[in-house]
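Colleague: Sequence:
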Amino acid sequence: MVVDGSRLGLLRWQLHWAWSLAGYHLPALTDELCRWEPAPESWTVRRGSDGRWRPDWAEPEPDPPPGVTVGWVTWHLGWWWSATLDHAAGRQPPSREDVLWPGSAAAAVEWISGLHARWKDFLDGRTESDLDEPFPFPWPEPRPLSIAAAWVNGELTKNVSEIGVLRHTWEALGRP
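Quick note on the working numbering: the sequence shown kicks off at 177 and runs consecutively.
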């Protein structure tokens with residue numbers, strides 16, 4: 177990927193780099209890995225009596241925070257990215273409680289891949305001057321789109337890195 181040196185070029189490159197890391201870990205996800213709890217009382221996604229998968233959550237977040245499963249991290253990634261894209265489209269995002277995990281590793285990867293494509297299209301449709309426009313998420317007060325876009329790319333990198341650590345730990349423990 178060629179970077180033109182602009183802020184937008186840098187954000188596009190940053191997304192490309194983060195997504196290449198995702199491309200290393202996401203294809204290896206399995207349902208068993210997604211539901212593996214690396215520590216007692218890990219936050220995970222749980223299937224309710226209605227068959228829908230809901231994430232564990234508490235407010236305020238415990239300090240220290242609990243361990244998490246790959247399934248929970250994929251839900252978290254899908255939740256904040258969906259909310260960001262809804263804000264970008266001028267839509268009110270659903271509440272966190274209404275964002276469910278899709279139920280399988282394959283469906284989670286498909287969900288996240290679709291969000292990536294939408295975010296890439298969003299960035300590709302922006303201009304340098306658009307980056308100075310106020311963006312209402314994820315902070316209570318709007319900040320420039322450039323800051324929000326850098327946050328999205330950084331959060332993606334962090335979440336994919338968490339998935340990678342959990343995946344490598346799973347494999348080091350001799351899991352299938």
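By construction, these hints were calculated from the structure, which means they are not laboratory data. Treat the hints with care, as some may be off.
[Stated by the list, open to error] Simulated restraints, written as ranges between beta carbons of each label pair:
1) Ala348 - Gln268: 41 to 51 Å
2) Asp274 - His344: 31 to 41 Å
3) Glu208 - Leu186: 17 to 27 Å
4) Glu217 - Ala265: 33 to 43 Å
5) Ser337 - Pro240: 14 to 24 Å
6) Ser337 - Ser271: 23 to 33 Å
7) Trp233 - Ala348: 22 to 32 Å
8) Gly266 - Val341: 32 to 42 Å
Glycine included, C-beta positions come from ideal geometry on N, C-alpha and C.
Colleague: With reference to the structure, classify each hint as holding or not holding.
Modeller: Tested hints:
Checking the proposed 41 to 51 Å range against Ala348 and Gln268 shows it holds: the Cβ atoms sit about 43 Å from each other. Range check, Asp274 to His344: about 33 Å between beta-carbon atoms, so the 31 to 41 Å window is met. The given range of 17 to 27 Å is broken by Glu208 and Leu186, whose C-beta atoms sit roughly 38 Å from each other. In this structure the supplied range 33 to 43 Å holds for Glu217 paired with Ala265, their Cβ-Cβ distance being about 37 Å.
At roughly 18 Å, the beta-carbon separation of Ser337 and Pro240 lies within the given 14 to 24 Å, and the hint holds. A hinted range of 23 to 33 Å for the beta carbons of Ser337 and Ser271 is consistent with their spacing of about 27 Å. Taking the beta carbon of each, Trp233 and Ala348 are about 28 Å apart, inside 22 to 32 Å as hinted. Gly266 and Val341 have their C-beta atoms about 36 Å apart, which keeps the hinted 32 to 42 Å range intact.
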